[in-house]
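The working numbering applies: residue 19 is where the sequence shown begins, and numbers increase by one.
A portion of the hints provided could be inaccurate.
[As the list claims (entries may be wrong)] Quick list of in silico lysine-lysine cross-link-like pairs, BS3-like style, CA-CA up to 27 Å: (1) Lys222 to Lys301; (2) Lys226 to Lys216; (3) Lys301 to Lys244; (4) Lys244 to Lys216; (5) Lys305 to Lys73; (6) Lys305 to Lys228.
Read the hints as simulated data drawn from the structure, not as lab findings. Since this is a predicted model, take the numbers as computed values, not measurements.
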Amino acid sequence: MAVSIVTDSTSYLPHDIREQYGITVVPLSVDLDGVEYVEDTPMVEGFYRALAASKAFPTSSQPAVSVLVEAFEGPASRGDAVVGVFLSSEMSGTYSTALLARDMVHERYPDAVIEVVDSRSNCMELGFATLAGCRAAEAGGSTSEVVAAVQAMIERTRFLFVPDTLEYLRRGGRMGGAQALLGTLLQIRPILTVADGKTEVFAKVRTKRKALTEIVAAFKADIESKGFVDAIVHHIDDEEEGTELARMVESVTGVMPRVIAIGPVIGTHVGPSTAGLVYSTDKEMHKSVA
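The task is simple: from the sequences and hints, build the whole structure.
Below you can see the structure in the form of structure tokens.
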């Protein structure tokens, strides 16, 4: 039985990789001033300009259950198994909606094999987990082996990022453990991470330049002790800073990582001028927080 892979747009997987593995990507969206910005559509290119000009705060929306039903039903109708890997349930209702969609598909296809995985992460940390599932499926793995590969990769990735401000996280209700930093922002620049599905503080430094340096230092320490598999750099509406961080990573690995923009759904809750690094290792990492 072949295994089809489904994820959501907050993985920010590049289109060439999606096409290579035949990944189905379900889009999330945000609403700003009555305009819906659907990820993976051309109109999102104007989102950050609109955000800068607006006094309103965007609201994000998970996929409709019907969209997830369609994503699962196609493979099920062909007799294929499905493994869906989604944005952290602590950050979105997408995972819960996927469970509902699975149950609805089972009403029509009772024998369908559909596994839904909470990645407890987002961005390319979710993307790396999804890719691990794709590779296991391509190698002929069973559904349980594909799920195991996804879950193993979740434990072997880290996402470190430094926002320009915590205001977007505060307004969007996504502070997690970073809540304790409010009121001290003039004195520190936090490096944030995703741990147990929530935004947490990884380290605290004085400047953004120091934050980028510390991110690369943490990356170097991890890959020296755990082995290096892959890395990508993210940015939110600041490609120049993303490229700068990528060159810093290249100085460690000798390879220039891809620089991938983060779309409106995650960007809404983190804010423009954010840079981050997602990487994977051979061995599990303890996702410690400050």
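Each hint tested on the structure:
{"no.": "1", "hint": "Lys222 to Lys301", "verdict": "26 Å, holds"}
{"no.": "2", "hint": "Lys226 to Lys216", "verdict": "22 Å, holds"}
{"no.": "3", "hint": "Lys301 to Lys244", "verdict": "5 Å, holds"}
{"no.": "4", "hint": "Lys244 to Lys216", "verdict": "23 Å, holds"}
{"no.": "5", "hint": "Lys305 to Lys73", "verdict": "36 Å, violated"}
{"no.": "6", "hint": "Lys305 to Lys228", "verdict": "21 Å, holds"}
Hint violations for this structure: number 5 only, all remaining hints satisfied.
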